[in-house]
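Chemist: Below, each chain spelled out in residue letters.
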Amino acid sequence: MTKNAVRIGTEPNPVVRWVILGVVGVVFAFPILAMIEFTFRDGLSGAHTLDHWTGLVSEDAARTYRNLFTAIGNSLLLAVVTVAIVLVVLLPTMILVHLQFPRLKRVLEFVCIIPITVPAIVLVVGLAPVYAVVVRVFGGSIWTLAFAYGITVLPYAYRAIQSNLDAVDVVTLSEAGRTLSADWGRVLWFVLLPNLKRGVLAASFISVAVVLGEFTIASLLNRVNLQTALLQVGQSDPYVAIIFALLALLLAFLLLLSIGRLGRPRRSGSGS
Amino acid sequence: MTLTAPTRTMSAEPGSGATVELRGVVKNYGAMQALSGIDLVMRPGEFVALLGPSGCGKTTALRALSGLETIDSGSILIDGVDVAAVPTNKRDIGMVFQSYSLFPHMTVVENVEFGLRMRRVAKADRRERATEALEMVGLGAHGERFAHQLSGGQQQRVALARALVTRPRVLLLDEPLSALDAKVRVQLREEIRRITRDLGITTVFVTHDQEEALAVADRVAVMRAGRIEQIGAPQELYATPANPFVADFVGLTSRIPGEVVDGRIVVHGIALPLLGDALPDGPAVALIRPEDVALAAAGDADAIEATVVESSFLGSLRRTSFQLEGGSLLSVQHDVGDHPQVGERAYLRLKRNAVAASVVTSEKSAI
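Respectively, the protein sequence lines represent chains W and D.
According to our numbering, the residues represented by the first sequence are 279 to 550, in order.
According to our numbering, the residues represented by the second sequence are 23 to 389, in order.
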């Protein structure tokens, strides 16, 4: 290939890469920087203060923002239950379909993608009568909202796991495991899950991020979560609402960044 | 790739190989019958190759034996016990797959240990046995590497060590060499043969490469359309194929039209002995091996005139393809010193003494 030949299908050169990253970064950075700046404003005076941040750790904060802290607890609980639903229901189903019923792959994909095509408001209209039954069976605890969230995160969780399943020859690996005396449970635990770690982590963290940012369903079903509480707090203290929105955003960023870190495969020190 | 010579051999347990028997095994995929009542008996320690074209059912038979495929009818016996309903993980078999099947998240030694770990062997013991198995395949120094750091040949060696470390009763090899380059393939197949012989383990080897099957197996089962066409020692298959399919599949053959007269076939005026069942007089096709034809001079008795179509140098010999009168092609194996030029006229002689290796079929039953 000559020096000036253009390679097709490869990454752009470093300068182009940094330009793209810079433009995208600026688009994201502006509103975030504006939010940060806003949290330091001292009313309409134009001055800046740390009072809004220090107020969160004051003695009165626990009482003042009790509802908000409860909502954070609710959202974290919902995130945990939603991830559990993804891991206990979706993941084994996808592995089963991949290994035993490959003809059902398209059907499963279609079912999992549906929620992304249905607006949340429409979803709630359908979920309202279902939740009347859910409340009768499980009671009105906040965690039951995870059933609905389990549906809303399906497209994201499905795509994350499926891309990992497609990248690994799980059929041969599971067959190799079985010929080596491992039953299905041990094949899943010792062979498949370690090789699907990246997809499982991605699915889990994206689910957490979606749950932490969810407002419509919780609001329309009259449940309290982080986003509904932030709206309430925002009406009386917009600074604190923005601070918590920033913290939620930071948590989501950290989760997404850790996907790349935790999902890295083990590497031996010795070369080939 | 440099292959390290093996330094130690895993100790063989006397009589560790099992008797394996397939009785009337049938496997259907919808309307398609993959196995049509296979019968096969293997002696302890025997190395049997299942040979056949793609889709003949050889891999299905192997997978049925491993338990990775269920069967629709028949029975599979290991040491006299029907295991058809026994799950794969309880059949006490070892298997090496066509595609590289090492667990990518584990080191080489962890891969080899895996079977022992599943059988709850103590850590110290399994590490010792895994190391011993790795040394057996010449990879004792590679224990801490990962699969992606090994060549294809090395990965299959590790897979072999992993399959053998639990001392299974039966070793199943599903085209383990097909993804490797030619030189490594030959090296590894000889090593597989040596190791299985040393361990006395009953081995089933699936391949579509007839040279590979003939080179390593005690017996070769030639399969077609879910049936075993013939099973026998490599020499037996080559010299006395049971039917035209086997003759055609095992070794190279040229198809030359002739005529059956009084139990012999006349090809270009030369009467050759028939192999197998007698055929009625009439048109037939002779299947002739390249080594049963020789180059001749113009004045030789029974010389057949032909035109050189193609000539290939194969190292120790040369194979040349000739077009005979009537258009049929005849392949000839001869000394590298003779180098026929494409397009020139030449003369050939059918070796009457060696012609027994040829098989004749009538036009109607031709393959």
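Hints are computed from structural coordinates only; laboratory data are not their basis.
Glycine included, every Cβ here is placed at the ideal spot set by N, Cα and C.
Some clues are possibly wrong.
Said to hold, decoys possible - Okay, the calculated beta carbon distance ranges per label pair:
no., chain 1, residue 1, chain 2, residue 2, range
1, W, A445, D, R249, 50 to 58 Å
2, D, Q209, W, L534, 41 to 49 Å
3, D, V103, W, E387, 51 to 59 Å
4, W, T450, D, D220, 38 to 46 Å
5, D, G52, W, F308, 23 to 31 Å
6, D, L351, W, Q378, 22 to 30 Å
7, D, P109, W, L354, 38 to 46 Å
8, D, D101, W, A445, 38 to 46 Å
9, W, Q378, D, D101, 23 to 31 Å
Chemist: Of the hints stated earlier, which fail here?
Modeler: Numbers 1, 3, 4, 5 and 6, in rising order.
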